[in-house]
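Colleague: One-letter residues, chain by chain:
4 protein chains.
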Amino acid sequence: MAMPTMMKAAIFVEPGRIVLEDKPVPEVGPNDALVRITTTTICGTDVHILKGEYPVEAGLTVGHEPVGVIEKLGRNVRGYAEGQRVIAGAICPSGYSNACLDGLHSQDGQSGAHGLKPLGGWRFGNTIDGAQADYILVPDAMANLAPVPDGLSDEQVLMCPDIMSTGFAGAESGDIRIGDTVAVFAQGPIGLCATAGAKLKGATTIIAVETVPERMAMAERIGADLVVDFRRADPVAEIMRLTDGRGVDVAIEALGLQSTFEWCLSVLKPGGTLSSLGVYADDLTIPLAAFHAGLGDHKIVTSLCPGGKERMRRLMNVIDSGRVDLTAMVTHRYRLDEIETAYELFANQRDGVLKVAITP
Amino acid sequence: MAMPTMMKAAIFVEPGRIVLEDKPVPEVGPNDALVRITTTTICGTDVHILKGEYPVEAGLTVGHEPVGVIEKLGRNVRGYAEGQRVIAGAICPSGYSNACLDGLHSQDGQSGAHGLKPLGGWRFGNTIDGAQADYILVPDAMANLAPVPDGLSDEQVLMCPDIMSTGFAGAESGDIRIGDTVAVFAQGPIGLCATAGAKLKGATTIIAVETVPERMAMAERIGADLVVDFRRADPVAEIMRLTDGRGVDVAIEALGLQSTFEWCLSVLKPGGTLSSLGVYADDLTIPLAAFHAGLGDHKIVTSLCPGGKERMRRLMNVIDSGRVDLTAMVTHRYRLDEIETAYELFANQRDGVLKVAITP
Amino acid sequence: MAMPTMMKAAIFVEPGRIVLEDKPVPEVGPNDALVRITTTTICGTDVHILKGEYPVEAGLTVGHEPVGVIEKLGRNVRGYAEGQRVIAGAICPSGYSNACLDGLHSQDGQSGAHGLKPLGGWRFGNTIDGAQADYILVPDAMANLAPVPDGLSDEQVLMCPDIMSTGFAGAESGDIRIGDTVAVFAQGPIGLCATAGAKLKGATTIIAVETVPERMAMAERIGADLVVDFRRADPVAEIMRLTDGRGVDVAIEALGLQSTFEWCLSVLKPGGTLSSLGVYADDLTIPLAAFHAGLGDHKIVTSLCPGGKERMRRLMNVIDSGRVDLTAMVTHRYRLDEIETAYELFANQRDGVLKVAITP
Amino acid sequence: MAMPTMMKAAIFVEPGRIVLEDKPVPEVGPNDALVRITTTTICGTDVHILKGEYPVEAGLTVGHEPVGVIEKLGRNVRGYAEGQRVIAGAICPSGYSNACLDGLHSQDGQSGAHGLKPLGGWRFGNTIDGAQADYILVPDAMANLAPVPDGLSDEQVLMCPDIMSTGFAGAESGDIRIGDTVAVFAQGPIGLCATAGAKLKGATTIIAVETVPERMAMAERIGADLVVDFRRADPVAEIMRLTDGRGVDVAIEALGLQSTFEWCLSVLKPGGTLSSLGVYADDLTIPLAAFHAGLGDHKIVTSLCPGGKERMRRLMNVIDSGRVDLTAMVTHRYRLDEIETAYELFANQRDGVLKVAITP
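Chains as they are written, first to last, in my numbering: chain A, 121 to 480; chain B, 121 to 480; chain C, 121 to 480; chain D, 121 to 480.
The set of hints was computed from the structure by calculation and includes no laboratory data. Fair warning: there could be bad hints in the mix.
Listed below are several chain D residues computed to face chain C (Cβ distance under 7 Å; list not exhaustive) [stated by the list, open to error]:
#1 399
#2 408
#3 419
#4 421
Covered stretches of chain C (in silico footprint by chain D; criterion: 3 or more residues with CB under 8 Å from a CB of chain D, positions within the stretch not fixed) [said to hold, decoys possible]:
#5 224 to 231
#6 305 to 319
#7 379 to 393
#8 397 to 409
#9 414 to 422
The structure presented is a predicted model; accordingly, all values stated were derived computationally and were not measured. Where a beta carbon is used, it is the ideal one built from N, C-alpha and C, also for glycine.
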């Protein structure tokens, strides 16, 4: 059967409007792969785009979490077969930039002058067309296509491209050790994955901070030992009480606000690490006292979602091993042609939504 | 000859007044050593104490940079001999706290409930009597006394207890690699040592930022490849120009101001590290753009001066090897009974002063 | 009630003979603590001592895994109370040697010339009297006594002093990452703890190699995803098959033989790490092919059991959190006055023994 | 001027014979670059190939250290210009394999099943035609071509592709810290670069072991503090004497023999690291005593030469900064048509040869 020449895609029109439109199916360059999307999802970042808080070009297809089937391979692409089930990370490193060759794949400048560009690895739905469509063109395919192991469903691997990778990175960049006490501030999709990642890294006292009942329940289910409702108690005082005044080894920020950032710093033990995942919209303040005037041997580390096919392989391994099950995070399901409704629900966090599955 | 029972000591009286007074020579506890000071110095932190910006108890002997001779050993102390030349670090870890056993020696809570206390390892001239006196009592002597190698003068090792250890820590915590480009903001004693440390760690483009001519000259002498005068050019623009738009791998903050902190962040490459050494007096602001909204894979790390006898041994090795020579930083010399004059000069940074040597 | 002056202790007499004898209860020095043993155990190392394969002085009390109650504190010891339930690690760092101040606590030379001594932190039942007795004297008590959390039984924490610390160190030194494939060779007490540690660090495919049915079953229960019986299949071929030819990220050696060491190296991926825990009795051979002539970016790392009160605190946290339950490893229980029988059983690995609990 | 279709190349014919022959100038694939060699050199590995000790296919062009000018770029290659002066590393990572995306660029399996292959990144003169020719085809050009900074001569950068990268890796993998004592066994080209690298990383006592007078002199010139002639004194006893019985923090093996490997292990402090660079031809033995039965917290790490354009950029930075000058290592110069003579001299280490420069 001939491949269609036109497809449906959710495109950004202007602040407040992401609409489903017709677009040509993209041409496949020599190092690309064309993937037919079987499942994708909407991310909090897409909502920032929708609201005009994160600017992208009008006409761009949004979305950066593709699960699908290889439809066509570029003529230089070896090691894959058309028809193979694959995912690609939200971040698509080229592999060949100075950043990549230095291990900094997310900040990939591709062929730019210095090989470094802030957030440069994030291309889908940012600088090139994204995943909320019938088809997606994956650039530098040999660095980015990761075959899905037999037996794993689309929904089982749907979190791998972004939130699982990001949340786990919060635990990894924090360098959590066996026996650590860790606080995770906010239990949205990213925070929940950070909680799961903290457990997977050997933290033995994990304190989740949240206030939405469904998210508090999910936090316990996914790995939190203790849950603090920040509307019922001052979370800093409560965490200091729970740790008997010691503070935490690592605090993970998973929301992007001054309050959560500041709480993180305030519950850190001397020598502790604040691992920041949030996307901030304003300047941040570091309070002098919590920072011990700069003498507390504190670390503040930030992480952009790690991508590339090896990262995806490892995350799918985690799923396949049964160590972590994130399928309960898919609370709603829509067809691609219902995506505007899905955005409406997700952007307003109605009906206890965590993540939606979108199927073309 | 019998040891005297009284001695001279520079004590903090009230904000604005550090005076030389008579004090009893301290009693030697079982794990202590009494050291007769032969040379010591004044630190920027002592000036904060003088001005009342950092509170200590009235009557405390100030100073935390001792070079001297063992006068008397506590009855449990083995492995040393009276008459031996030694130094001790500004930070005196006990060795036995949870912090120490976890490798966090500077944040040592000694026998407190959790074994962790912010800045707890800093005892001299902070929580116990310090080094600007005829004698100093070194606690947990077996963890802190470091014999001075034959052939090294007092002035050669005078920077080891604090500024050399602190400055080098800026380079070490920044995890500088061979071939890195590093900017060091401010070339006071700590910043100069950070410059020397950056060179010792293999940085190959070191950009020092300063405006005082003597300090700019000293920066070049000690390891800077390029010097930027921040009064003649915007240091951020200048560093971006010098690095051809790439930014630096590591930026070291060695002053303790919002401006230098912010400049550091602004010149960092994506994935770069801000290594902070300054003692801040106010809340800090992280500018959103320089922080790439939290997605730049940036790290911010802080370091309190590492102490303990092994650190001192290593630093004296550096001096002994001839790799680094800091003696030119001793610009003025005073007797202990002139210390009030020395404070006056040092606190006002008059006469091109970098460090003063004080000899009882 | 007055403390007795004499006690029972299992002492090494000569190769082949460890016997229970009367010994004076030790004097308590200023930095020591006297602990009344409530539970202890026998380690494989004790069997090496029994057989004369590891030489210790005649008359020494053996054993290095103490669980007990503080009977008496030395006069300088602060932060503890008599009557408190505590454990101490098999390795007792002083805290004050150069090794300790450098973070190398196990290789602690105490007050020796260089502060470094191979295995120097291992004192109990090696260079000073050990734990298989009514009482044990803990040196450098403030660095070594770790209070047992309320609610944990003696048997729950009995593995912390040695095998849990050692086994976990195999996973930690191997720097296991989330998503790693790990092989653990031999599932005796140490190997089982390495398996548990690998899981706790985020390995998602753990292959245990064993042949004793009880140990194979225990390996699965404690964390192994796959178990290879090395008597039924060549373990190298089998692991390469199970990993689809890729090899493992980390191989943990937990027996101390040439064959297991060599198997480890042979199943490593290029760039992989061999983490060695075994106590070897002979020179080892590195096969050229498995070592890729020295060009495979392989690492071989060795670990002596980490000790000290912070390590013990963390391990008891792991138990307290319910992440790992090692109580099933206590397969046999004896009174101290039956210890010769216990040795006979344990040394000959009869009756499916894993670990014995000894209670004075 | 039209590019010629034929060129001269040094090809492997059979053990004992590398001869200069005519070969077609290679076709340029879409991701390749054709580089006209202006200077290259001969490596110890090439001698192994010549002698038949390392097997390659008959007809292969040998050599893996190219300095030249871009003659022609493949149609997908962006960010470079024809006529630009460049180097490429001996190891040419693709950037897109699982190994590369995991930071293990040298063990790159390219598009193979697992993306991992021992030594897979080493292609020039091993699996594809090499640098001892008029032209070389650089695969995955965007990952591998590194522009030479203005002002650096061919001979200044000639060591970057292999021996400087390898020697420095010995210091880097050994994780040398400021103040370390380091021994480097053998001061051939690789060992000399390891000595330079150890100094650049902050080692302050560097002990070089050699016996050839020219090499001993060069070692001192390049960074060694002490030189031990292993024919005049037992190097183990001598190093223990020089370190006052303490041993070294890091020992670097740069020859590839059992004796040097064993000496390294024997001079290590407990907790020290053996960093191995040698290419071994036989199984190795780890002596039990030097290994402390596997309980000394020792590490043995191996490194294959790191490659890729970012590594090359950094190494040329080192040269450009004046920190290290390796031009004195070029002791002899030949034209490409004299290469058989050059091999004869180099293979027999006649006339004090360190490295030869070959110019087509």
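Colleague: Could you run down the list of hints and mark each one as holding or not?
Modeller: Each hint tested on the structure:
Interface restraint check: residue 399 of chain D against chain C, minimum CB-CB distance 5 Å, threshold 7 Å, status holds. Checking residue 408 of chain D against chain C by beta carbon gives a least distance of about 5 Å; that is within 7 Å, so the hint holds. Satisfaction of the interface hint for residue 419 of chain D is found here, the shortest Cβ-Cβ separation to chain C being roughly 5 Å, below the 7 Å cut-off. Residue-level restraint check for residue 421 of chain D holds (minimum Cβ-Cβ distance to chain C is 5 Å; threshold 7 Å).
Counting residues of the region 224 to 231 of chain C whose beta-carbon sits less than 8 Å from any beta-carbon of chain D gives 3, enough to reach three: the coverage restraint holds. Coverage of a stretch by a chain is defined here by at least three residues with a beta carbon nearer than 8 Å to that chain's beta carbons; for the region 305 to 319 of chain C and chain D the count is 0, and the condition is violated. Coverage of the region 379 to 393 of chain C by chain D holds. Counting CB-CB distances below 8 Å, 3 residues qualify, and the rule asks for three or more. Coverage of the region 397 to 409 of chain C by chain D holds [criterion: at least 3 residues with CB-CB distance below 8 Å; count 12].
For the region 414 to 422 of chain C, the proposed coverage by chain D is satisfied: 9 residues have a C-beta within less than 8 Å of a C-beta in that chain, meeting the threshold of three.
The structure fails hint 6 only (numbered hints given earlier).
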